[in-house]
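Protein chains in written order, with our numbering: chain H, 1 to 345; chain Y, 1 to 92.
These are calculated hints, taken from the structure and not from any lab test.
Do not take every clue at face value.
To be verified - Calculated cross-link-like contacts (lysine to aspartate or glutamate; reagent style EDC-like; alpha-carbon spacing at most 16 Å):
# : chain 1 : residue 1 : chain 2 : residue 2
1 : H       : K153      : Y       : E31
2 : H       : K153      : Y       : D20
3 : H       : K51       : H       : D256
Note that the coordinates shown come from a computational prediction; the quantities given were computed from them, not determined experimentally.
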Amino acid sequence: MVESYRSKEHIKICTHCILPETFPGITFNESGVCNHCQREASLKTGGTERKAEYRRELDKLIDNVKGSAPAYDAIIAYSGGKDSSYTLMLLRKLYGLRIVAFTFDNHFLSPLAKKNIETVTTALHVDHINFMPQWPLMQSIFATAARKEVFSKAALLRASSICTSCISMVKSLVLKTAVEMDIPLVAFGWSPGQAPIQASIMKTNASMVRENQKILKKIFFDHIGTATQSYFIPDAYYELYEDRFPHNIHPLAFFDYNEDKISQELEEIGWNAPTDTDSNSTNCLLNAFANQRHLEQYGYHPYVLEIANMVRQGVMSREKGIRKIYTAQDNEMVAYAREKLGRFA
Amino acid sequence: MSYLETIRKYVIENFLFGDDSQLEEDTSFLESGIIDSTGILELIEFIEGTYHMRIDDEELIPENLDSIRNVVEFLERKLSKEITTEESARQS
């Protein structure tokens, strides 16, 4: 049992991971272990050997593509946060890839994250694109996501509506840029808990991308209008550039993942953990507000699935996971974002 | 349990939390919002773990994964092909 972040009442959480009784579809056995943990145990999906297999697959993929593309071997969705900084460092130092880092500046990047972006890209000699949409558009998108149920319940299990709106644009823009510039690898700094290991090396499929984009466009256009149209992949690209659809990679799924060790290694190249963000972000000043809204609307923390996955995989202690999830959001950070978004949020 | 029963049960338990009122065999997971793009990856993980198989990159298409019927037909094709390949290997 832990103290609820909404009130002083106690809520039941899984005795193995940290998922709460308020998480949709959760059940517990007589030992208090949740159905997610029970399923993971029965599938036997993890393991050192499996990670080594993926590591070899990445080595082979990089051997095949390195140096072959006209400008860059990889583009990375780069927030300046811990995980994407570490991924960038791995790909640059370990593999010597030619990389362009792509930052989506959503107007809530912390000043310290911006400094980290400059420091890290300079230290690693990496080109950098900073893409900043106009504020009225971002304000409209975030305020709408805060107010309405814009995304499916399935998406909301994994991230807040606000975060999902932002990352949807990031993923689309990074992919579109990769296709336009003929870059064979698109890298993300997903933590081991954010996406399954199966997706850690995956060739994007034009028809699957098209289907996903169709759904996203409908969501954005229905709620916001067509101002984001240029952020999506034009229909013509699916045939014109079918052979350019890249591989997505997120190496943190199978490299050793230890938050303290990662922070230490990043500090050696000048990265510093921001002190102006909440405990679940190392770059975004909107995160605390996004978490708070999600908690209020759905009764569970939007990061709980990711952190529970990491606890289950043994890359984070249960105690640390509980601290990250069951600590109340910083009121000042919540108020800052709420005020900036204005009366519509 | 048949492929149909197994896949249906997985989707209902993990994405619909027991409520199957909106799930037909031909319901598009993505279009209906039952499963999002990351959920499809979890579905792949489930399929690969349950049936001890690997889904190749070029097989990751909506026609193979975006409804219960699509998944079942894909499994029937792929797994019967793998059995046939194994039998041929044993005979030769």
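(message) Checking one constraint from the list: CA of H:K153 to CA of Y:E31, max 16 Å. Satisfied?
(response) holds (13 Å)
(request) For the pair supplied as a hint, H:K153 and Y:D20, confirm whether the alpha-carbon distance does not exceed 16 Å. (result) Measuring from Cα to Cα gives roughly 14 Å; hence the hint holds.
(request) Verify the proposed pairing of H:K51 with H:D256, using a straight-line Cα cut of 16 Å. (result) Holds - the C-alpha atoms of H:D256 and H:K51 are around 9 Å apart, at most 16 Å.
Of the numbered hints given earlier, the model fails none.
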